[in-house]
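J.: Position 36 (the sequence shown) corresponds to 39 in the numbering used here; numbering is contiguous.
In short, the hints are calculated from the structure, not lab data.
Just so you know, these numbers come straight off a predicted model, no measurement behind them.
Positions of the beta carbon are idealized from the N, C-alpha and C atoms, including for glycine.
Heads up, simulated DSSO-like pairs for lysine-lysine below, C-alpha to C-alpha not over 27 Å straight-line: (1) Lys-169 to Lys-116; (2) Lys-171 to Lys-119; (3) Lys-264 to Lys-171; (4) Lys-171 to Lys-137; (5) Lys-171 to Lys-118; (6) Lys-119 to Lys-163; (7) Lys-118 to Lys-202; (8) Lys-119 to Lys-264; (9) Lys-169 to Lys-202.
Simulated DEER-style distance windows between Cβ atoms: (10) Gln-166 to Leu-133: 17 to 23 Å; (11) Ser-195 to Val-269: 40 to 46 Å; (12) Pro-143 to Ala-246: 44 to 50 Å.
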Amino acid sequence: MAKADMAKRQRPLAVDIPRPGDEQPVWSRIGVIALVGFVVGVAWPRLAGVRIGPSVPGDPKATAEAATAAAPPSPAAAVPGTAEPDARPPEPAKNQQQVVVGPGRITRCSDKKNKKIEDCGELQFDPIALPRLKELAQCPAALGVDGKLPIGFELNFEKKEVQVVKGKKASLPSSTISGILQCAAREFSNVSLEEVPHKYPRYSLVYTATFHPPGVQAEAAKAEAGGEAQEPAAGTTTSESAASGLATVSWDTALVRGVPKEGDVVMRLVRGTRVKLVGRQNDWYKVEHRGKTGWIYRGAIGL
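Turn these sequences into a full structure, and let the hints steer you where they fit.
T.: Laid out in structure tokens, this is it:
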């Protein structure tokens, strides 16, 4: 035993030195680990549609998606096939110059020899004249003007001419009238008379334009919006002639006066009221309704 123990003690000590190739890692194992990490950390969120970081700046698609997600849904988009509701209609303009014009009045008509005709009948010139006369509110000379201006017209169907002339009894300054008439002449410079039915070759008409400055509410403007209609001035007073038949009020509210033009109001008749004709004086008719009589302008009734 003692010899064996001594032999073990005397055995030389061996030292193993690893070779250079033994310390290199096993690349196959590292490749497997890297692939698993890539799938778990990078590929899986993309395949599943999960965004784990901010988008690349300048990416149009990502910007559009973010804007769509942030914008609140519109009422039209909430219900497929529904159009976006219309915007509220604009309110009427306020504090602007106003021009109120009533129906025209024939003051004279004549034949080819310029001989005056007593009964001129009717002439459908209002649809042409009224819209153009209302445009005088935009005339520079009319800005801030307050008053009335009768505007006359000389219609020559033979020459197909429309001439604008100054009417009588204007309440505006002469310098202002001149400027307004120049604007009116431009408005009617290209008017065609071919579509206007007529019986005689020459007519003289007059329209009364009432100017209201900004901020002033005109009673006649209320009438245009559905209020009480105002009749235009009548012609010169002549003797009363007989009239018969029935007529219907065509204005929203027509005034019946004790005498033509400026008489006191004795009745107010609404649209559709039937009246009996008992007399006539120029453009005014004497009517009877429920035992009362008075004068009404011809434009306020349908004959």
